[in-house]
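There are 2 protein chains.
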Amino acid sequence: METKYNLDESKLPTHWYNILADLPFPLAPVIHPGTGQPIGPQDLAPLFPMSLIMQEVSTERFIEIPEPVREIYRLWRPTPLFRAHRLEKALGTPARIFYKYEGVSPAGSHKPNTAVAQAYYNKQEGVKRLTTETGAGQWGSALALACNLFGLECKVYMVKASFHQKPYRRVMMETWGAKVVPSPSRDTHAGQHILEVDPESPGSLGIAISEAVEDAATREDTKYSLGSVLNHVLLHQTVVGQEAKLQMEMAGYYPDVIIGCVGGGSNFAGLSLPFMRDKIVDKKNMRFIAVEPEACPSISRGEYAYDFGDTAETTPLIKMHTLGHTFIPAAIHAGGLRYHGMAPIISALCYNKLMEARAYHQTVCFQAALEFTRTEGIIPAPEPSHAIKAVIDEALACRQSGEARTILFNLSGHGHFDMSAYDSFLAGKLEDYAYPEAKVREALARVPKVGV
Amino acid sequence: METKYNLDESKLPTHWYNILADLPFPLAPVIHPGTGQPIGPQDLAPLFPMSLIMQEVSTERFIEIPEPVREIYRLWRPTPLFRAHRLEKALGTPARIFYKYEGVSPAGSHKPNTAVAQAYYNKQEGVKRLTTETGAGQWGSALALACNLFGLECKVYMVKASFHQKPYRRVMMETWGAKVVPSPSRDTHAGQHILEVDPESPGSLGIAISEAVEDAATREDTKYSLGSVLNHVLLHQTVVGQEAKLQMEMAGYYPDVIIGCVGGGSNFAGLSLPFMRDKIVDKKNMRFIAVEPEACPSISRGEYAYDFGDTAETTPLIKMHTLGHTFIPAAIHAGGLRYHGMAPIISALCYNKLMEARAYHQTVCFQAALEFTRTEGIIPAPEPSHAIKAVIDEALACRQSGEARTILFNLSGHGHFDMSAYDSFLAGKLEDYAYPEAKVREALARVPKVGV
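Line by line, the protein sequences give chains A and B. Using numbering that gives the first Met the number 0, you'd call the opening residue of the first sequence number 0 and step up by one each time. Using numbering that gives the first Met the number 0, you'd call the opening residue of the second sequence number 0 and step up by one each time.
Just so you know, the hints here were simulated from the structure itself, not pulled from any lab data. Heads up, some of the hints might be wrong.
Identical copies go unnamed one by one, so any copy, or any two together, can satisfy a pair.
Said to hold, decoys possible - Listed below are the simulated SDA-like cross-link pairs for lysine to any residue, each with C-alpha atoms no more than 20 Å apart in a straight line:
no., residue 1, residue 2
1, Lys178, Gly427
2, Lys178, Ala426
3, Lys278, Arg60
4, Lys3, Leu19
5, Lys122, Gln36
6, Lys127, Pro37
Model the full structure from these sequences, guided by the hints.
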């Protein structure tokens, strides 16, 4: 029985696919919060190298992947695509379940696909040092790896609560040579200000972003790097979906349903956008399902509006599904899904009904992950466990209806650094957090009234 | 630049290679400690299924891999072989460095190669439940995975000190459905006896083996499973070296030197035995280097003698390099290398000068691992870090001599569960343990006088 589709290294994509070339609607411009006007490349220049700024707004359909980036990709790419025969059998479903596995990268997730590209372009433009924020550490470790491979310094502002509770991702970043500080830190004005008000502040992703942005904006040799949300980040992730298309051809099936978890949207976009092109251009009849945590359901329950990307209101305004930039989600284990907003591309696709979203509580996702690992072997990270829950529900619907649909999902990372979460789940101690209706209402009231 | 050699799934080996068919000397028989006579298959029947006992003594050159085992292998095999261009460049060496990477298995090491085979044969013979011991948990998690995939119960006796200090491997085993107890436990007479004498006993691998063996020997539905040392375990690991031979052909080079770390010997044997055949049969001029920890250097400093495989003297006597079965090694981070003995096949190859051994302290190995991860990306487990130290030394010797030797080593697992060890190393807190001369002399005095 064939279960794994390995793509030959010669088939590693040569270009990223840019959905902006094919969107059937214009993407809303990014707005300067002071002027209310669309921002230009120069507004972003203190934070990003010009090549990435140009990618952010490019409408070129295919953008060439520089050879030094492909050389690093080859350390783990092409990644395997599996058919989950054993899971299908356990579910008794006629559905065909396929998954692309991104956990084989040295950092254990899809994040290095963009981290490597970002480090490369910064290096090309003479940048010496990158800053970023990280929650549980998946993005920070990817950027630490990438900076190390291109000889850049890397400074990671890690949410203080995670810094102390989950030290292993911190050690991973340090092993790759990054400097990691708990945020709020004394290294920035933003951090100092928070610490003056509350010396015991556990930090938040919003605070950490403010620190990383301030650090980059105030140092000549330094730029800032973001792991999701932005167009160029989603662009870099399309290597995933392009490989998956070739591998689905090898398997002899085309997906009817594509599923991925969404935090900022990059892993879902990476797998789905090359297929989305077929839906837009070739009118393929297929469904796309973005899966969110019930504790932070930006698409399912948020507003589609202009909002800040961070809590401290230092970023431009972007049109997206948002729960409000002051909303702080509950401490679910899927740290990568705890973001108040959503990538503008994903938001626009949802708003235009080209895809759908749904939300689950974390315990049912861990139950789905357990069923997956006990049939397929791989232990999923808590984030893609949300995708797995939706996959199982779709497969069970096929059992009900007798339809042999082909389901494809992105297993975006392994759970080796999340064993304490599995421990809680197995011990029956994992809690769910009800959708925080009142908190969201309060946060939505603080969304700026722009372009309404 | 080509750096990764992916083998097509159609090239997954169909047979294991059995070096017993080609050894230029007879392997000393296993001896019954009571009678002093060679044991027969029936003596092992309470512990192992007959198919594995027959593999243990088979001299058939190629033994077919059952299709259900190959089906599971395909979840992660063939594993990639890399050329470490970036490490070569950093070292400024003319040597060509290649490594086979076994960390891509769901358990993160080479151990599932035999765990899956053992679970399969036990299942075939109607066994319902397997027991084993584990130290840091690498072997236990591999067996937990394999038992889960074949629907067997699995009970793991985990050394109590590790059970409490390193909970994440325990959770991994439980995630795959295994029952894990700290050893010494109250579940066996052996465990009860130890706890009576010392209720606070931190346990040891020797005690855990005694418990797992007693459990299997006293229950009709249960057998015992071992993760290294025995001939059939080394046999199953030869998928590694067979794949590597094909991949080295793809790369266009044949190794001059093959390097691996050794605890019981299985990962080293897995990579090297298919090449050893070329040395024995075709008189290839090549070197094999087994790398040990200075804290437990069985080959480098032990005696080649009949000894027990466990501390409690419950196993048969096997001829091997040993530091004495009562020797308890210091608590180095490379838990998989803390074994007093050595596989009989590896021992005999060393004794007959077909290979060599050397020993290193752990800090220099972590330094080598750091150099590796900062050039190649992958974070190695502490065990293969020993191999990496020897690889770097060999490569630097090539720089000195100007020789462009081809070096191949086994990167037997990743270090995701060893980040606290890296943390100690990076903080300069890692200790070395001098070779414990007096303790070894004492233990060697307790080696039984058999066949001398």
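Hint check results:
{"no.": "1", "hint": "Lys178 to Gly427", "verdict": "between (36 Å within a copy, 16 Å between copies)"}
{"no.": "2", "hint": "Lys178 to Ala426", "verdict": "between (35 Å within a copy, 13 Å between copies)"}
{"no.": "3", "hint": "Lys278 to Arg60", "verdict": "within (16 Å within a copy, 55 Å between copies)"}
{"no.": "4", "hint": "Lys3 to Leu19", "verdict": "neither (32 Å within a copy, 33 Å between copies)"}
{"no.": "5", "hint": "Lys122 to Gln36", "verdict": "neither (31 Å within a copy, 69 Å between copies)"}
{"no.": "6", "hint": "Lys127 to Pro37", "verdict": "neither (30 Å within a copy, 68 Å between copies)"}
When each numbered hint is compared with the structure, violations occur for hints 4, 5 and 6.
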